[in-house]
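J.: Here is what each chain is made of, one letter per residue.
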Amino acid sequence: MEWLSYLPALSRGALVTAAITLSAIAIGAVAAFVAGIARVEGGRVLSTVALCYTELFRGTSLLVQLFWFYYALPLVGISFEPVATGILVLSLHVGAYGSEIVRGALQSVSVQQHEAARALNFGRAQTLLHITLPQALVEMMPAFGNLAIETLKLSSLVSLISIADLTFRAQSIRNLTLDSAGVYSLTLVGYFAMSLVLMLVMRLIERWVRRGAAFPRAAHS
Amino acid sequence: MMYGFEWDTTTPLTYASSILPIILIGLTVTLQAAAAGFAIALVLGLVFALLRRSRYTAVSWTTAIIVEFLRDTPLLVQLFFLYYVLPEYGITLPAFLTGALALGLQYSAYTSEVYRGGIEAVPRGQWEAATALNLSRLQTYRDIVVPQIVPRILPAMGNYLVAMIKETPVLSVVTVLEMMGLANMIGERTFEYLVPLTLVGLIFLLLTLICSAGLHRLQKALPKAGIPLR
Chain A
1 MEWLSYLPAL SRGALVTAAI TLSAIAIGAV AAFVAGIARV EGGRVLSTVA
51 LCYTELFRGT SLLVQLFWFY YALPLVGISF EPVATGILVL SLHVGAYGSE
101 IVRGALQSVS VQQHEAARAL NFGRAQTLLH ITLPQALVEM MPAFGNLAIE
151 TLKLSSLVSL ISIADLTFRA QSIRNLTLDS AGVYSLTLVG YFAMSLVLML
201 VMRLIERWVR RGAAFPRAAH S
Chain B
1 MMYGFEWDTT TPLTYASSIL PIILIGLTVT LQAAAAGFAI ALVLGLVFAL
51 LRRSRYTAVS WTTAIIVEFL RDTPLLVQLF FLYYVLPEYG ITLPAFLTGA
101 LALGLQYSAY TSEVYRGGIE AVPRGQWEAA TALNLSRLQT YRDIVVPQIV
151 PRILPAMGNY LVAMIKETPV LSVVTVLEMM GLANMIGERT FEYLVPLTLV
201 GLIFLLLTLI CSAGLHRLQK ALPKAGIPLR
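Residue numbers (our numbering), protein chains in the order written: chain A, 1 to 221; chain B, 1 to 230.
With the rest of the complex left out, here is chain B (with noise of 0.2 Å):
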């Protein structure tokens, strides 16, 4: 038993159906993560992006080299160190803020240089003829960057989405409970861990199915030539 579920394991598909709730409470979980470490990701990686574009080279090179670091080591690892070292610095976050924090700090990598390839795109010619036009920095940005920038960079964002979802189950060996954490404990509690563990793949088929058949529609959707922000 648990959260008040009972088990049945004499069949395969009852045993399915009387954890499927305990599986569905587990996948809030999984998608909370993915959405919180999300939304770190997509800040931080804006934050690396703009670092990366600055006029001081020991500030643009410092972020060149955090933004490589973060992209190449494992997030397993980047994970054990936030929730083991943190809290020897007085940082005590709950399991799930560090699971978040872990995927955030990875993916930012990743977002930045979405970001950067998207600021990069808008041609030379635009900024001058901005400047020439006596445009501030601010409606340069407004008006001109971030509408041709937002197209182009969702549908990678959206890819990175779901890759992320794809790595929340890492989050499970520091104790979060999402869907594989369940499952596994479900299996450690019955010894059949067949069912719990396919259950729990197939509903991540289908989460990465409906979410690439909604970025396909996304993409078709989105105006090539920008999104006017006003």
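Chain A with its partners taken away, still in its complex shape (with noise of 0.2 Å):
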């Protein structure tokens, strides 16, 4: 039973992920709303704006990101710690795919919503807080389930900027026992069940919204 031995560190590891993993996801939803609101309902310059944030992080490799902030940006004077510049790299990549998200679900509201809303009287921002957005909010959530997912996974990627995260562990027992069949094995096992929790976590928020407890206030359809 060596592979006993590997679990404290791997799990000190598998800490540091699932932070790293919930602070992406928080902060990438708030980078999300932001920018998927912007697009939709922000003037030309907001949505230019907006469009650019997200055309920059979607079309270009997170690695390719992570390594800019960490190795290039200290270059001109600007430098964060490792972790920060992990989660901060994370989340506006996985904000940048909510965003998409985000615009998509609230163009899909029907426009006879938004005629009622003009004939009630309500302002845009009223509009958006009572009536498109509790109706978009549900389609969201089956994708970000998935964008969760897909956090979880890319997150694996800091470990190259040498953030102690799960995989980190992993390499580092690894070169120290060669015995890589059990860690990398242990490992896998470790990141799909934080996927399999973070999946029903995911699942629950979904519920939880559908029953309309987001918005208490607001109207239902």
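Worth double-checking, as some hints may not be accurate.
[What the hints assert, rightly or not] In silico lysine to any residue, SDA-like type, Cα no more than 25 Å apart, as pairs:
1. B/Lys220 - B/Thr198
2. B/Lys220 - A/Val30
3. B/Lys220 - B/Val122
4. B/Lys220 - B/Ala95
5. B/Lys220 - A/His130
6. B/Lys220 - A/Leu10
7. B/Lys220 - B/Asp143
8. B/Lys220 - A/Phe168
9. B/Lys220 - B/Arg152
10. B/Lys220 - A/Tyr97
11. B/Lys220 - B/Val162
12. B/Lys220 - B/Ile144
13. B/Lys220 - B/Ala129
14. B/Lys220 - A/Gly104
15. B/Lys220 - B/Ala121
16. B/Lys220 - B/Ala156
17. B/Lys220 - A/Ala116
18. B/Lys220 - B/Leu82
19. B/Lys220 - B/Leu209
20. B/Lys220 - B/Arg137
21. B/Lys220 - A/Arg58
22. B/Lys220 - A/Glu100
23. B/Lys220 - A/Val109
24. B/Lys220 - A/Ser172
[Stated by the list, open to error] Per label pair, the in silico range of CB-to-CB distance:
25. B/His216 - A/Arg207: 42 to 50 Å
26. A/Leu73 - B/Tyr56: 51 to 59 Å
27. B/Ser17 - A/Cys52: 45 to 53 Å
28. A/Cys52 - B/Asp8: 25 to 33 Å
The set of hints was computed from the structure by calculation and includes no laboratory data. Beta carbons: idealized from backbone N, C-alpha and C, even for Gly.
Once you've looked at the hints, go ahead and assemble the two chains, each given alone in its own frame, into the complex.
T.: Here is the structure:
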């Protein structure tokens, strides 16, 4: 039972992975909503800025972005801690993907809903907050669930900028013990287990949103 | 110096233009890896999708679990697993092939879902009609199912191809010298990361913009009713 001895180090790494993933999901969600709403509701300037952000972070590879922020930015005088860099880049990356989900869901709300809101003399902010967003949020949740799993998987890349997450620990244990099969099997199972838990949590949130609990005062259709 | 190319770091512009030929060599490796990985994903995904539809629950369940596992674990760790564990069982592949295999395995989980959705979208009535018309299984697939599935799955497959191209930089960690690996190497030697990494980012951006535009046109050009095979 040699692999039992890897567990303490690997679980410490798993905690770091979980922390980075959850922070990136939280910050990424904010970025997604800001950019997604700006794409739909913002004026020409705001929506163009949001479009540039989305295309820039969706169009290039996450690893390139990580290295760019990690190696290249300090050369022009901007530098963060590796962990902050990792979380920031991962958040911005998944936020860009999330903003497309937000945009798509907002645009899928039917025109009649907008017309009814106009007829009831709702302002733009009121329409968004009370009419479109509550309906769109239900549409977004399944896609957000997939994106959350994607975030967990992509978080493994932060090990390459020297953050001691699960993948990083696995690498160091392998270099020490040369037991590749044991270490990596355990790591894969660890990620799989975390994915399943994350999936379950996202399902629960989805159910909560579907009940309309996220917007208690919204008009129910 | 690398591959016989000299670099000139006097200004960012001369630097960029002097390393562009090296990065373009990396671009060919990137595209080759994505092509090889995608070919594996297309074949393996189809196998998974068909096994998933097997009459035997043991087969379909095992396939479902394997696909779920491949989809929910990181490409990077799968890549390390293949790179370090396969040689222990006497399978020594070049790094490039290991990388393509890892890409193909991860994306086969995605493509199998696309195939499955495509097959399931063919209405039951059509299968029954094929049986009523006494068409053989081969004829049913060749003349009824595949022609309808192809236009339906092509856009999704195209999206995954673009996504795969963007994931190839991960292969640089197992010594595959694609664009990002080369940019990093240049950075290590010149202590000037900004230009090479920005260049790689721009090339990726250009590549994905071109691919997306191409996909958009393909989607418009595809006949909705299906593509006849004969």
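J.: Broken hints, numbered, in rising order?
T.: Hint check: 1, 2, 4, 5, 6, 8, 13, 17, 18, 20, 24, 25, 27 fail, others pass.
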